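A.B. asks: As a plain string of letters, each chain reads:
4 protein chains.
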Amino acid sequence: MTKGIKIVTIGGGSSYTPELIEGFIKRYDELPVRELWLVDVEEGKEKLEIVGNLAKRMVKKSGLPINVHLTLDRREALKDADFVTTQFRVGLLDARAKDERIPLKYGVLGQETNGPGGLFKGLRTIPVILDICRDIEELCPEAWLINFTNPAGMVTEAVLRYSNIKKIVGLCNVPIGMEMGIAKLLDVDHSRIRIDFAGLNHMVYGLDVYVDGVSVKDQVIDLLSDPTNSSFVKNVAGLGWEPEFTKALNALTCPYHMYYYKTREMVEKELINYEKGETRAEVVKQLEKELFELYKDPNLDIKPPQLEQRGGAYYSDAAVRLITSIYTDKGDIQPVNTINNGAIASIPADSAVEVSCIITKDGPKPISVGDLPVPVRGLVQTIKSFERVAAEAAVTGDYDKAILALTINPLVASDKLAKQIVDEMLEAHKDYLPQFFKTVQA
Amino acid sequence: MTKGIKIVTIGGGSSYTPELIEGFIKRYDELPVRELWLVDVEEGKEKLEIVGNLAKRMVKKSGLPINVHLTLDRREALKDADFVTTQFRVGLLDARAKDERIPLKYGVLGQETNGPGGLFKGLRTIPVILDICRDIEELCPEAWLINFTNPAGMVTEAVLRYSNIKKIVGLCNVPIGMEMGIAKLLDVDHSRIRIDFAGLNHMVYGLDVYVDGVSVKDQVIDLLSDPTNSSFVKNVAGLGWEPEFTKALNALTCPYHMYYYKTREMVEKELINYEKGETRAEVVKQLEKELFELYKDPNLDIKPPQLEQRGGAYYSDAAVRLITSIYTDKGDIQPVNTINNGAIASIPADSAVEVSCIITKDGPKPISVGDLPVPVRGLVQTIKSFERVAAEAAVTGDYDKAILALTINPLVASDKLAKQIVDEMLEAHKDYLPQFFKTVQA
Amino acid sequence: MTKGIKIVTIGGGSSYTPELIEGFIKRYDELPVRELWLVDVEEGKEKLEIVGNLAKRMVKKSGLPINVHLTLDRREALKDADFVTTQFRVGLLDARAKDERIPLKYGVLGQETNGPGGLFKGLRTIPVILDICRDIEELCPEAWLINFTNPAGMVTEAVLRYSNIKKIVGLCNVPIGMEMGIAKLLDVDHSRIRIDFAGLNHMVYGLDVYVDGVSVKDQVIDLLSDPTNSSFVKNVAGLGWEPEFTKALNALTCPYHMYYYKTREMVEKELINYEKGETRAEVVKQLEKELFELYKDPNLDIKPPQLEQRGGAYYSDAAVRLITSIYTDKGDIQPVNTINNGAIASIPADSAVEVSCIITKDGPKPISVGDLPVPVRGLVQTIKSFERVAAEAAVTGDYDKAILALTINPLVASDKLAKQIVDEMLEAHKDYLPQFFKTVQA
Amino acid sequence: MTKGIKIVTIGGGSSYTPELIEGFIKRYDELPVRELWLVDVEEGKEKLEIVGNLAKRMVKKSGLPINVHLTLDRREALKDADFVTTQFRVGLLDARAKDERIPLKYGVLGQETNGPGGLFKGLRTIPVILDICRDIEELCPEAWLINFTNPAGMVTEAVLRYSNIKKIVGLCNVPIGMEMGIAKLLDVDHSRIRIDFAGLNHMVYGLDVYVDGVSVKDQVIDLLSDPTNSSFVKNVAGLGWEPEFTKALNALTCPYHMYYYKTREMVEKELINYEKGETRAEVVKQLEKELFELYKDPNLDIKPPQLEQRGGAYYSDAAVRLITSIYTDKGDIQPVNTINNGAIASIPADSAVEVSCIITKDGPKPISVGDLPVPVRGLVQTIKSFERVAAEAAVTGDYDKAILALTINPLVASDKLAKQIVDEMLEAHKDYLPQFFKTVQA
Ligand SMILES: [Mn+2]
Ligand SMILES: [Mn+2]
Ligand SMILES: [Mn+2]
Ligand SMILES: [Mn+2]
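Residue numbers (this note's numbering), protein chains in the order written: chain A, 517 to 958; chain B, 517 to 958; chain C, 517 to 958; chain D, 517 to 958.
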């Protein structure tokens, strides 16, 4: 890395890219990026051009010596990379719409990470990621792979288990969002908050929370148990927790817990959106269309403020923060998806977990959690079972395993429903799931 | 135990007692019972008399020197006991009817062991069992406590965690029923079948199955995946498994798994019974009524064959088999609920599990399982979380913990539903839950 | 196995073989051996002939239809075997003499299993065993490998870790000897004693001891703490334990513990024998010479009683008992070396341990031990570290690892001594350690 | 802590105190100490006066508003303390001399932490520490206890296991010394070195070593394997490691490993000193005498440079650094003794370990190590067994346990020697071991 840093962003045509660019510009003093390669596939060529040109204008405005390259040739880009970030979406938003809508037809939440939607996103994504891993092994074996592509937990598990790449970190904006929510709740600056995170991606808990290093967990639990603190607790679905549940759980939930601890209410809510044709994919599709219209403006040379409404806020910022800490061996604490290595007692040492880590040049080092609190141990283990069966199905194209993955998923919990949903979704996503159709033909 | 064995059966007025008597008579050569004390509470006095007199007639017919005592004085009975069996039902079948019916009002399965019904059965039962444990500690500290009272897993967990009694075994007829089902499926004698059991009570899996010691797991999985083998697989609910699920799971399920892997179908089925007023409690109530009519017949001196239709077949037989193996230090393999001691890797060493054990005079010794197969690890951990939170609620009378227990239970999976169900059930079972109402008053 | 059983004994020319033959004859009803192949190497041809002919005379006398084959062609013998037993000694007794004498020159115990002698016996033996494993994989993949070749723990570890053979059991007569010693001490029949064994080969502890299933541990510990009970406690070296040590340890030691808990006394004792040229190898060499003279007698058709003085009593008997229990799926408890699978908490699940197991047709199933008692946990872990580093050195021929293995061994505990001993022993055993000299040449 | 910090130093009359004072003065900006109480016992009154007056002169010179109090009343001092440091020596240097000399009479290393000397230092120290813990619980329950009193590992284990104090950190200068040694070896500034520490106190390994976050382990192992790098590797005893051992171990050793991996050489070396009457205690005694002469000089108002030759360099500095990081919630990495909480897989979660931790206001949080490398796992477990048996002996005064502790210690490895040494040392330290003599009288 002596001559400056080479970063490769796969899925570079994503609407998030301007935030990433902004991040690199802001942190240039610590993280002197020399080359930034934005890579995309044929299907995303137009978006790549639009976003890439905005990126170039942003860099130009900054006056920094960062070279931005746009390419469809992934292998050319990867050569000697220092960091590879992945933020692509196999099948684009149309696929997401199917992930959400098909399960709802059966009265089941799609849930794009740990539910049926997540299973199918994983089935589409994991083979591509493993392919990228093979390229990294050959072309830039010392590079760190920073993955934001969902389902990030399942993807990290699959890379650890089915590739030779060990330098992977899975990244999510949920923990940072929880910290910001707590900061707002307590009316203190975000920098003063620290949470002990433990669990899995989109199934992470805050086991303790500190202001300036002093635990304020009891106070926070009390506040969260107060139904009038709606701004924080209703963050996903406009639904608050029952105070008795919050008190007895005695840990901070993440927004995605709504799907598992409020399943019926979430189904009802999403079914209403479903009827109206307003699932998340549709909303995002419209937002993205508007964003790309903005990005086309040749006078735009900053990240447009409208991007923050896109959702996924802080994702790219978290990525740049992580890359900076690795590059500078900073030793700060960040919650990421990494190999467990004993941090959580009842999860295998070689599985991926999402925990607070010290970020060093040698990668994230998890802080020991010990055993998870009794009430949360079950659900975390369940989602880990789901992730592992799903990852195995993705790699093998095993139809039975895909059905098993959904049957053991608490959002489905029925072998019959699992089969119906798998059948319909396999058909719907056929073009992106060659591993399953190859198997069937053989 | 030199002068013969003293056995105390708490809940002696149960309709199962004649099977127990028959068991003691049949195994007298190995297990020379000298005294059998049938204990019940005031509420069950009449039943105790009826069953007790039948027991006496059965013993008389056998010509064996077994003394049968009937008493309402538990402490008098426990003095110097060698084995204490517990098979009582706090609140009788009326309570069970509530356990089943109230959750169904909310569209949730009652499930009398690992669901909301099981929570409330546990809340009623655990304080009584712990009270018995205190008596055992004082009056017969060397005795083995053989518990068949459901929820047997939660009860065993509570005794291990909240009493000083270490000599407890929890017993269930589910594993023996699985062996018999497999024997029938393979058309071989039951004695030739052995299953490696692992999991929790009513959440137990067969990890391997042998005929004469040779694994026939692949064959059995194939047979179970064949929808025409209806007699075995439809054993609980008339519903068969999807063959893909069975193959990918690659383990034998127990009947209670229907509730967790076919939740929606089971809810629909039970709601139909609910509408008709035909939940299990109602059916059993009628059966029991008929049985007690039979038992009253002063000419009856055998276990009436009708008892086998009662359900719970083999329960008492399994109990006598277990007691015999402990008494004779037999060293045979039986699946029971006992302290884990590392047998299942991801469950705490001091928790109760249901696993194949060697039965010795020193108690059951679990055979090491190692880690559970990935697909089942999650649900087992989840039910263990449920059992532990529920047991804690039972001991403390903590309302919030009761709500937490139901929220993390996959049959409920909603804090709001959990609260509604807990509220209605607490009120309905008020008379048997003093620990909660004491708390409220304080 | 329908037509009778085929057994292959590698190292068939061993002086122990007559005991094995006697065992097969005595247990023929349960274990109908059809073919017994005694295999040896060119170097042992003469002994094979002598022992083989005695074996044939013994079988003839029995009138049983067992065919005894003598061969130097291991692969011919292995074809379709049901059980393979290994009892060979690479380098014969001359090698053992070196294993014992060279370390003593440096004031260090040779200790033929867990000390420097054991390291070199392992370095010579493991490559041969792994070669046999490759043959088994090809020629009789369903066979069970029953290994008595020392160091049995290290060999079992190596087979589990570096071969594809999973059906291996390591066997030792130490546990059975401990049971017999306790039986004698308590003056009860051996069949009434059961010990809960846990640890490693030649580093096994009795964690509890029962007569007729009732723990008599306190009584036994008291007896063992009584210095007048010399017959049991002085079993290896004529040295008794300090009573305070025995009481505080609160577990039964095995004879080999003398080397680790009485190191200085054992060194002094062996140095005296060393000076006199009377280390164990010399003694055994003389005994064997006498035994083979006896075996040559064409009128001898029984196991000569003198064999019992050879040491290693019950070894072959234990082997036949084990084979019988596997063949008949007996389900009795026997202490053997097998894969840990979680039985001992702080030892890896995939390592070999010596624990009480249920013996089934599917192999030994360890009974869960949980965590070892605090005082013994360290030494067991240390010997496991030694076994693993030693096994790795044996497979790789890595000189540095051989030195590391001895340095971490508590009998050596010096890197300088380790190097001196390794250097001299490598040279002395050069002919049997090609893996080390190939490396050096390269 | 709003009004400034109150620090209590038990054993305030120690010769190390000036370094502590210097540390507080240097870090005042970060760590505004308001009150510093130096506490000692009657026996140490004179030293306390001398050191205390020097401390006051140092503070005066600094011009900082730190109040230094000298007292023999520990309870008065502890009231509302924020940090309590313990650096006392029960029985003073005369006791150390016995710890060293008596074992050497038997040809055994005294080793003042993990050997016989450490056992007896633990037996004298642990009851006093537990007494201090009871005072802390009552008088300053929120205080952190920072213990440097050896044997620091055993003491931390005892506090975690036998007191109600959870806020304890055990501190040692060995890890910092290793970092400095490596820095020197690589000729880089100490601040650029980071080591992944794991193990126990005085039995700690460096599992990886980084310069500016980049692993240089291979280079360091090579350098350490080079016998010409004598300045680092001969740090304890003038003895270097065999290069083969260092390479195969593939981890950094600490100086105390010489006792376990070079036992014979160390015994020989210490026996020579023993004969000359020059064991460490004698040397230190002379050094201390000289230091106190210096301290008496009323014109001295700085830490005299001669203190650095005392040994124990960086101890007090490490303490001030630790206290500062706790107070300021710094989040830097420091190696300390704390509760394992799963950081090292094969050590119980509730035991003390010495590992790299993140230091926060909520205390040290260990970074997950996973399982220790195979070659070091055994010795670490052995010393943990020793520490636990020793701590139990210290608390109970159980004579048999004291003998057991020494028998399982690899430096003794003989029950007979253990008994002889325990007997002579109990008598020699009689005045400081009331728990043993009370037992004998009863
Ligand atoms: Mn995310
Ligand atoms: Mn049951
Ligand atoms: Mn042996
Ligand atoms: Mn130290």
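The hints are simulated quantities; they were obtained by calculation from the structure and are not laboratory data.
Careful, some of the hints might be misleading.
With a straight-line Cα cutoff of 30 Å, these simulated DSS-like cross-link-like pairs (lysine-lysine) come out [stated by the list, open to error]:
(1) 621/A <-> 621/B
(2) 733/D <-> 683/A
(3) 801/D <-> 621/C
(4) 763/C <-> 805/D
(5) 733/C <-> 700/D
(6) 801/D <-> 700/C
(7) 621/C <-> 700/B
(8) 954/C <-> 763/B
(9) 763/C <-> 954/D
(10) 733/D <-> 785/C
(11) 881/D <-> 682/A
(12) 621/D <-> 881/D
(13) 932/B <-> 932/A
(14) 621/C <-> 846/B
(15) 946/D <-> 877/A
(16) 763/C <-> 682/B
(17) 792/A <-> 932/B
(18) 733/B <-> 682/C
(19) 542/C <-> 805/C
(20) 763/B <-> 763/A
(21) 733/B <-> 846/C
(22) 946/D <-> 763/C
(23) 935/B <-> 733/A
(24) 700/D <-> 621/D
(25) 881/C <-> 877/B
(26) 785/D <-> 785/C
(27) 763/C <-> 542/C
(28) 935/B <-> 785/A
(29) 792/D <-> 763/D
(30) 954/C <-> 763/D
(31) 542/C <-> 621/C
(32) 932/B <-> 946/A
(33) 877/A <-> 763/D
(34) 621/A <-> 935/B
Owing to the predicted nature of the structure, the values given are computational and were not obtained by experimental measurement.
A.B. asks: Now tell me if each hint is right for this structure.
C.D. replies: How the hints compare with the structure:
1. In summary, the hint linking residue 621/A to residue 621/B is supported, as the alpha carbons are separated by about 24 Å, within the 30 Å threshold.
2. For the proposed pair residue 733/D and residue 683/A, the alpha carbon gap of about 18 Å is at most 30 Å, so the pair holds.
3. The straight-line distance between the Cα atoms of residue 801/D and residue 621/C is roughly 40 Å, outside the 30 Å bound, and the hint therefore fails.
4. A C-alpha spacing of about 45 Å is found between residue 763/C and residue 805/D, which places the hinted pair above 30 Å, so the restraint is violated.
5. For a cut-off of 30 Å, the pair hint linking residue 733/C to residue 700/D is broken: about 56 Å separates their Cα positions.
6. A distance of roughly 57 Å separates the Cα atoms of residue 801/D and residue 700/C; the hinted pair therefore is violated under the 30 Å criterion.
7. The suggested pairing of residue 621/C with residue 700/B is violated, with an alpha-carbon distance near 68 Å, which exceeds 30 Å.
8. The suggested pairing of residue 954/C with residue 763/B is violated, with an alpha-carbon distance near 49 Å, which exceeds 30 Å.
9. Annotation: proposed proximity of residue 763/C to residue 954/D holds, straight-line Cα distance about 20 Å (limit 30 Å).
10. Distance restraint check for residue 733/D and residue 785/C: the Cα-Cα separation of roughly 44 Å exceeds the 30 Å cut-off, and the hinted pair is therefore not satisfied.
11. With a C-alpha separation of about 24 Å, the suggested pair residue 881/D and residue 682/A falls inside the 30 Å cut-off, and the hint holds.
12. At most 30 Å may separate the alpha-carbon atoms for a hinted pair to count; residue 621/D and residue 881/D exceed this at roughly 43 Å.
13. With a C-alpha separation of about 27 Å, the suggested pairing of residue 932/B with residue 932/A holds against the 30 Å cut-off.
14. Between residue 621/C and residue 846/B the CA atoms are separated by roughly 52 Å; this puts the pair beyond 30 Å, and the hint is violated.
15. Under the criterion of a C-alpha separation no larger than 30 Å, the hint pairing residue 946/D with residue 877/A is inconsistent with the structure, at around 53 Å.
16. Using a Cα cut-off of 30 Å, the hinted pair residue 763/C and residue 682/B holds, with the two alpha carbons roughly 24 Å apart.
17. With a C-alpha separation of about 25 Å, the suggested pairing of residue 792/A with residue 932/B holds against the 30 Å cut-off.
18. Simply put, residue 733/B and residue 682/C have alpha-carbon atoms about 18 Å apart, close enough for the 30 Å limit, and the pair holds.
19. At roughly 27 Å between alpha-carbon atoms, residue 542/C and residue 805/C fall within 30 Å of each other, so this suggested pair holds.
20. Distance hint between residue 763/B and residue 763/A is unfulfilled; the C-alpha atoms sit about 41 Å from each other, more than 30 Å.
21. At most 30 Å may separate the alpha-carbon atoms for a hinted pair to count; residue 733/B and residue 846/C meet this at roughly 20 Å.
22. For the hint linking residue 946/D to residue 763/C, the alpha-carbon distance of about 23 Å falls within 30 Å, and the restraint holds.
23. Restraint check for residue 935/B and residue 733/A: satisfied, since their Cα atoms lie roughly 24 Å apart, inside the 30 Å limit.
24. For the suggested pair residue 700/D and residue 621/D, the alpha carbons sit about 38 Å apart, so the restraint of at most 30 Å is broken.
25. Restraint check for residue 881/C and residue 877/B: satisfied, since their Cα atoms lie roughly 20 Å apart, inside the 30 Å limit.
26. Between residue 785/D and residue 785/C the CA atoms are separated by roughly 25 Å; this keeps the pair inside 30 Å, and the hint holds.
27. At roughly 41 Å between alpha-carbon atoms, residue 763/C and residue 542/C are farther apart than 30 Å, so this suggested pair is violated.
28. For a cut-off of 30 Å, the pair hint linking residue 935/B to residue 785/A stands: about 20 Å separates their Cα positions.
29. Proposed proximity of residue 792/D and residue 763/D is contradicted: the alpha carbons are some 36 Å apart, above 30 Å.
30. At roughly 20 Å between alpha-carbon atoms, residue 954/C and residue 763/D fall within 30 Å of each other, so this suggested pair holds.
31. Straight-line distance between C-alpha atoms of residue 542/C and residue 621/C comes to about 45 Å, which puts the hinted pair past the 30 Å bound.
32. A distance of roughly 39 Å separates the Cα atoms of residue 932/B and residue 946/A; the hinted pair therefore is violated under the 30 Å criterion.
33. Restraint check: the Cα-Cα separation between residue 877/A and residue 763/D comes to about 25 Å, which is no more than 30 Å; the hinted pair holds.
34. For the hint linking residue 621/A to residue 935/B, the alpha-carbon distance of about 28 Å falls within 30 Å, and the restraint holds.
The structure does not agree with the numbered hints 3, 4, 5, 6, 7, 8, 10, 12, 14, 15, 20, 24, 27, 29, 31 and 32 stated previously, though it agrees with the rest.
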